[in-house]
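Single-letter residue listing:
Protein chains: 6
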Amino acid sequence: MATVKMIEYDQAGPEVKAVYDDIMATRKIDWINNFWKVLAHHPPTLTRTWESLKEVMQPGALDPLTKELIYLAVSVTNQCNYCIASHTAASRKAGMSDEMLGELMAVVGMANETNRLVSGYQVEIDERFKVSRAANSPRL
Amino acid sequence: MATVKMIEYDQAGPEVKAVYDDIMATRKIDWINNFWKVLAHHPPTLTRTWESLKEVMQPGALDPLTKELIYLAVSVTNQCNYCIASHTAASRKAGMSDEMLGELMAVVGMANETNRLVSGYQVEIDERFKVSRAANSPRL
Amino acid sequence: MATVKMIEYDQAGPEVKAVYDDIMATRKIDWINNFWKVLAHHPPTLTRTWESLKEVMQPGALDPLTKELIYLAVSVTNQCNYCIASHTAASRKAGMSDEMLGELMAVVGMANETNRLVSGYQVEIDERFKVSRAANSPRL
Amino acid sequence: MATVKMIEYDQAGPEVKAVYDDIMATRKIDWINNFWKVLAHHPPTLTRTWESLKEVMQPGALDPLTKELIYLAVSVTNQCNYCIASHTAASRKAGMSDEMLGELMAVVGMANETNRLVSGYQVEIDERFKVSRAANSPRL
Amino acid sequence: MATVKMIEYDQAGPEVKAVYDDIMATRKIDWINNFWKVLAHHPPTLTRTWESLKEVMQPGALDPLTKELIYLAVSVTNQCNYCIASHTAASRKAGMSDEMLGELMAVVGMANETNRLVSGYQVEIDERFKVSRAANSPRL
Amino acid sequence: MATVKMIEYDQAGPEVKAVYDDIMATRKIDWINNFWKVLAHHPPTLTRTWESLKEVMQPGALDPLTKELIYLAVSVTNQCNYCIASHTAASRKAGMSDEMLGELMAVVGMANETNRLVSGYQVEIDERFKVSRAANSPRL
Chain A
1 MATVKMIEYD QAGPEVKAVY DDIMATRKID WINNFWKVLA HHPPTLTRTW
51 ESLKEVMQPG ALDPLTKELI YLAVSVTNQC NYCIASHTAA SRKAGMSDEM
101 LGELMAVVGM ANETNRLVSG YQVEIDERFK VSRAANSPRL
Chain B
1 MATVKMIEYD QAGPEVKAVY DDIMATRKID WINNFWKVLA HHPPTLTRTW
51 ESLKEVMQPG ALDPLTKELI YLAVSVTNQC NYCIASHTAA SRKAGMSDEM
101 LGELMAVVGM ANETNRLVSG YQVEIDERFK VSRAANSPRL
Chain C
1 MATVKMIEYD QAGPEVKAVY DDIMATRKID WINNFWKVLA HHPPTLTRTW
51 ESLKEVMQPG ALDPLTKELI YLAVSVTNQC NYCIASHTAA SRKAGMSDEM
101 LGELMAVVGM ANETNRLVSG YQVEIDERFK VSRAANSPRL
Chain D
1 MATVKMIEYD QAGPEVKAVY DDIMATRKID WINNFWKVLA HHPPTLTRTW
51 ESLKEVMQPG ALDPLTKELI YLAVSVTNQC NYCIASHTAA SRKAGMSDEM
101 LGELMAVVGM ANETNRLVSG YQVEIDERFK VSRAANSPRL
Chain E
1 MATVKMIEYD QAGPEVKAVY DDIMATRKID WINNFWKVLA HHPPTLTRTW
51 ESLKEVMQPG ALDPLTKELI YLAVSVTNQC NYCIASHTAA SRKAGMSDEM
101 LGELMAVVGM ANETNRLVSG YQVEIDERFK VSRAANSPRL
Chain F
1 MATVKMIEYD QAGPEVKAVY DDIMATRKID WINNFWKVLA HHPPTLTRTW
51 ESLKEVMQPG ALDPLTKELI YLAVSVTNQC NYCIASHTAA SRKAGMSDEM
101 LGELMAVVGM ANETNRLVSG YQVEIDERFK VSRAANSPRL
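Chains as they are written, first to last, in the working numbering: chain A, 1 to 140; chain B, 1 to 140; chain C, 1 to 140; chain D, 1 to 140; chain E, 1 to 140; chain F, 1 to 140.
No lab work stands behind these hints, which were simulated from the structure alone.
Quick caveat: nothing in here was measured; it's all calculated off a predicted structure.
A portion of the hints provided could be inaccurate.
No copy is singled out in the list; a pair is fine if it fits within one copy or between any two copies.
Below are the PhoX-like pairs computed for lysine-lysine, each with C-alpha atoms no more than 20 Å apart in a straight line [as the list claims (entries may be wrong)]:
{"hint": "1", "residue 1": "Lys130", "residue 2": "Lys17"}
{"hint": "2", "residue 1": "Lys93", "residue 2": "Lys5"}
{"hint": "3", "residue 1": "Lys5", "residue 2": "Lys17"}
{"hint": "4", "residue 1": "Lys93", "residue 2": "Lys130"}
{"hint": "5", "residue 1": "Lys130", "residue 2": "Lys54"}
{"hint": "6", "residue 1": "Lys54", "residue 2": "Lys28"}
{"hint": "7", "residue 1": "Lys130", "residue 2": "Lys5"}
{"hint": "8", "residue 1": "Lys5", "residue 2": "Lys54"}
{"hint": "9", "residue 1": "Lys17", "residue 2": "Lys93"}
{"hint": "10", "residue 1": "Lys54", "residue 2": "Lys17"}
{"hint": "11", "residue 1": "Lys5", "residue 2": "Lys28"}
{"hint": "12", "residue 1": "Lys28", "residue 2": "Lys93"}
Just chain A, with the same shape it has in the complex (with noise of 0.2 Å):
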């Protein structure tokens, strides 16, 4: 159970229920989750977090199912229950199909893997990464 109460939409204030309706316009629903609604408690958090992502997950270099990935990768690395079950979700609704699915979670616990191997090992950086990020080169 949250630790605040959720705000719904009829009991919400202007800035809250401005908020709620640019949430459902850009993302062509008509319905709140309960992370927004328990945000509103604080309404310029809402607002902050609002704007951050919806400038953050459009379309750009990257594709939007693309951005969806790294989200649920992020999020399944730290085991956040909530944003696991929402991000799957948001992901199927981007496009992942179930074998998509399959091969980020391989993907994903095998980072998870060697990186504890290689930070177990104290190992060096080799110096060939190091002259590559200092010219910013595309390639190695």
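Place chains B, C, D, E and F on chain A using the hints.
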């Protein structure tokens, strides 16, 4: 400095040499990075890790660049220095531009933020998310 | 469900009962929460943890509310459900208002975001920060 | 070494320069730290991050020192080296004494310990904690 | 509720059934737990994970109980609920007593605390530790 | 570089000197490592941490080597550099061979991987696991 000695190619026994050769052949490179040379101190782990990565990172429903971006996103979330260095390089090699990197980092940052917001407020998972999962619906 | 049985007050041996009594006397309450009742299955850990918390959380250069807010911020960052519940309650008891909670969550969210941005880009620590540390300077 | 080049003040385009100027004016300093200079490689992220921090860290129900202490506590929990360095400095600038630092670290350490104890034993959340949350009670 | 449907034994295709049979034969049990039944939705991951665990958890220089205790310690540190439940059970099956569990939890708690203390103060690694590592000395 | 000055033996006040002496007597060594010298800037934390570690790491139902291995496994999972260095050394001193280290790292890597797999798929805890816990059964 690594907690075990690195095994150079010419010091390697037959099992390790075979893995080194396969890494270079598969990745079309002529060198072995420090991670593999450290893992080689425990040959079963070297073999298993390489075989797993080969399987997991091959092109599938997700293309190689997407898989590298996911790997990088996890490494950034875990703040693993070696991994960030090597997978930034690998992502660039697979086609990641500076703009893609900027967008990826923005998504990873936001995801790490909202993961804590939703967990910190202990937001309950919406029923809608559970219904979609029960039937493996690809859409929400 | 806990992986060990909880030890209720009337089931407790002398060492555990003494700790329970001290908790209730120190906190001016008449009940023992589930955390203590589970820890009690290993009495040395119960005793050491209670004694440590008593020492660490007492008023000092930081007042009790500030200490509770820090405890909550860590628990949110780690996404520990029980801890978030109990420390949100403890913070409220110590004087945290809804507005304070909203601001704390905003700071915790931003910190978790910028931690990953700076680590992900492998930003080098500015010399200025090192100089100030060498001399324990209180100012920068 | 950062994975992208830092953008120095005199190399910066108009959007980045404007942010640099605002940082220096707001913080009453005459230099830009490495974090901002690296973020500047992706101007939307630089702008959004600075605007968010400005809003989140301003004095409110929580004073600036308390906010910096929370930021430091999160950075220590996540073990982000750059952040620990910069926020230890920022906390000192905001008034943190050596004694306060010692007490903060003690709280952060204990919280990271008890988070694992309670999760490891899978302690169930007491009903009392849930009741208080349902009504947003400020007291327990 | 899992984000994909579980694959029951009688619904399983040949590859999955073979893995299920091997799990039951190796562990001398007559049932398949939920983790395997969910992983089965992506057969390559089910196969690779089972084969890896079989190899990694076999008796070696470390005995099976020690390996289970390590697995549990990691799961507690990461606060993975399913893993804590299943590996507490597996550790008990391998010979872990209540006293051992209490001592393990105490060590895990302290390690999570001191990890943050040392990182938070940015303590430099002693030269002695580096010397011993360079030569793989078994003693310090 | 540490964020506070290290307190060398001959600079130490009586409380700190007493702890230094006890460390050296207990561990049968003639030097104080950087971690203790940094903690000494806040004497209550130095004392409490040393007393806690002495109690927690003593031989019990788990022998000293097993406790050191657990400590190392947690430090690797958290990717704490100083801790990995010092506890790899301590584990070797307690009897850890190169083969044991290789097997420990393999277990830690797999555990970090499967933790994310099971959390990412939100696998429900099997009823069997709950039953065994309710009665503290040592067997499953």
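Results of checking the hints against the structure:
1. Lys130 / Lys17: Neither: 49 Å inside a copy, 26 Å across copies.
2. Lys93 / Lys5: So lysine 93 and lysine 5 pass the 20 Å test across copies only (18 Å; inside, 28 Å).
3. Lys5 / Lys17: within (16 Å within a copy, 37 Å between copies)
4. Lys93 / Lys130: between (39 Å within a copy, 14 Å between copies)
5. Lys130 / Lys54: For lysine 130 and lysine 54, neither the intra-copy (34 Å) nor the inter-copy (25 Å) Cα distance is at most 20 Å.
6. Lys54 / Lys28: So lysine 54 and lysine 28 pass the 20 Å test inside one copy only (13 Å; across, 32 Å).
7. Lys130 / Lys5: Result: close only across copies, 12 Å inter versus 49 Å intra.
8. Lys5 / Lys54: neither (25 Å within a copy, 27 Å between copies)
9. Lys17 / Lys93: neither (25 Å within a copy, 31 Å between copies)
10. Lys54 / Lys17: Within. Shortest intra-copy distance 17 Å satisfies the 20 Å Cα cut-off; inter-copy 24 Å does not.
11. Lys5 / Lys28: neither (26 Å within a copy, 28 Å between copies)
12. Lys28 / Lys93: For lysine 28 and lysine 93, the Cα distance is within 20 Å only inside one copy (12 Å; across copies 37 Å).
Consistency note: the structure conflicts with the earlier hints numbered 1, 5, 8, 9, 11.
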